[in-house]
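Student: If you want the building blocks of each chain, they are given just below.
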Amino acid sequence: MSMKASTRQVDGVTIVDLSGRITLGEGSVILRDTIKDLLGKGQKKILLNLGDVSYIDSSGIGELVSAFTSVRNQGGELKLLHLTKKVHDLLQITKLYTVFDVKDDEATAIGAFGR
Amino acid sequence: MTAPQRVSYRMESTLESVNKAEEMADQIAARAGFDEDTRSGVSMAVREGMINAILHGNAYDTNKRVNLSFEQNACELVITISDEGHGFIPDEVPDPLAPENLLKTSGRGIFLMRAFMDEVRFRKLDPGTEITLIKRLKSG
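Residue numbers (our numbering), protein chains in the order written: chain V, 1 to 115; chain S, 1001 to 1140.
No wet-lab data here; the hints were simulated from the structure.
Just so you know, even glycine gets a beta-carbon here, dropped at the ideal spot from N, CA and C.
Warning: the hint list may mix true and false statements.
Unchecked claim - Per the computed footprint, the stretches of chain S lying under chain V, defined by three or more beta-carbons under 8 Å from a beta-carbon of chain V, are:
#1 1047-1056
#2 1096-1102
#3 1105-1115
Only chain S is shown next, with the shape it has when bound in the complex (with noise of 0.2 Å):
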């Protein structure tokens, strides 16, 4: 059995952070052994982790930093995203897929997170947020 392999960073309120995450999942993704499908919506899925951290959370903040960390398991590859912002409450978040709100411009970053993974969760933290993304190796 592999033993856990974890890998951790600590970014900067960049959109450059955003784009090197997003390069970094891919890259991560592929070496797990996911199709290239599944890596394309891991990637997308931390990009917009990453846009909820460093957009909605930090908002730019030079001063605050996000934290990203992918650690893969013999069963699956878990990713989180953690910021110092001031935090949210998902379940607020209105449903964009309700007819009311197709048309609006902002709002669907975390569906599309639970689009792409098996799983997401939310934390609160003090200050902040972290979301883990997970995702499930294919049992061979």
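Okay, chain V solo, but in the shape it has when bound (with noise of 0.2 Å):
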């Protein structure tokens, strides 16, 4: 099962809707590929809606902290959505769920980004 990754813009907020498996490979590269595209518009407030994403592998929690550390250095924010239990226990055990800023709501999360 391969990932998609769409996107959608609100109040200035890029939304990037992930669905699939950010794993080794074609996932990783969908995900890195959409963060450089984004980052390269500009478009530094990016909003991870992860309730479709079904699994993250080493590879894919790689790839995570890749964006966010890229879209802080430009001097943007990187916020997560909608994390599944076995996504949200996998950023529990690995301590990089109090590392990412995590949100439930979609209108919190947009409200969350500096303005």
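Two chains, two frames, a set of hints: combine them into the complex.
Tutor: Encoded structure:
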């Protein structure tokens, strides 16, 4: 099963709706390319919607970390939205849950970006 | 008492092998009677072990293979994954939970294997590395 990423704009925030698996190979590459593309266009407020992401492996975790630091290094913000239990647990055990800003509600997440 | 059951595969150093091994692990863990969360952990540990073998061990070398075996006895499911790479020293892999390593983009595979299995062992081969992953069956 591959991964799909689609983007939409809400109040100056780019929401990336991801579905499928963020794993070594295609899934990680799609995420990397999407973030690179957004940063290239100057879109630095990014909300990754992981609600339909069923699975993430160590490579996918690495890609999320890479996305987080790339956006931050360019003065932007990256937040995560709608974690499934599996992904939530994975971020907990890797101690990344507190590193990422994780939200459960889209409107709240959008409001939490700096203006 | 059930006799031990063992199944072995010799696999190519490709991403497809990683995915195939993960699927097999899930099926075998289901047959062993593990619940869904445990199965998911076992298949993730196998995925990480395969990534370790194929990416870091064999470095996608098409001339090198990965051996994968599943063995179930009355007490546990034992999975071994061996590569033909240069080998590595597991103790030298930095702790991914240390504050200075949290934002590293790699180095979590062995940690995840240990998190989801009851026991993880490494053995140096000549050439390569063998990883043994053990999940105990709940005694009923």
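Student: Give a verdict on every hint.
Tutor: Hints versus structure:
Three residues within the 8 Å Cβ limit are the bar, and the region 1047-1056 of chain S against chain V gives 4, so the coverage statement holds. Requiring three or more residues with a Cβ within less than 8 Å of a Cβ of chain V, the coverage given for the region 1096-1102 of chain S holds, as 3 such residues are present. By the rule of at least three residues with a Cβ nearer than 8 Å to a Cβ of chain V, the coverage given for the region 1105-1115 of chain S holds, with 7 such residues.
Checked against the numbered hints above, the structure violates none of them.
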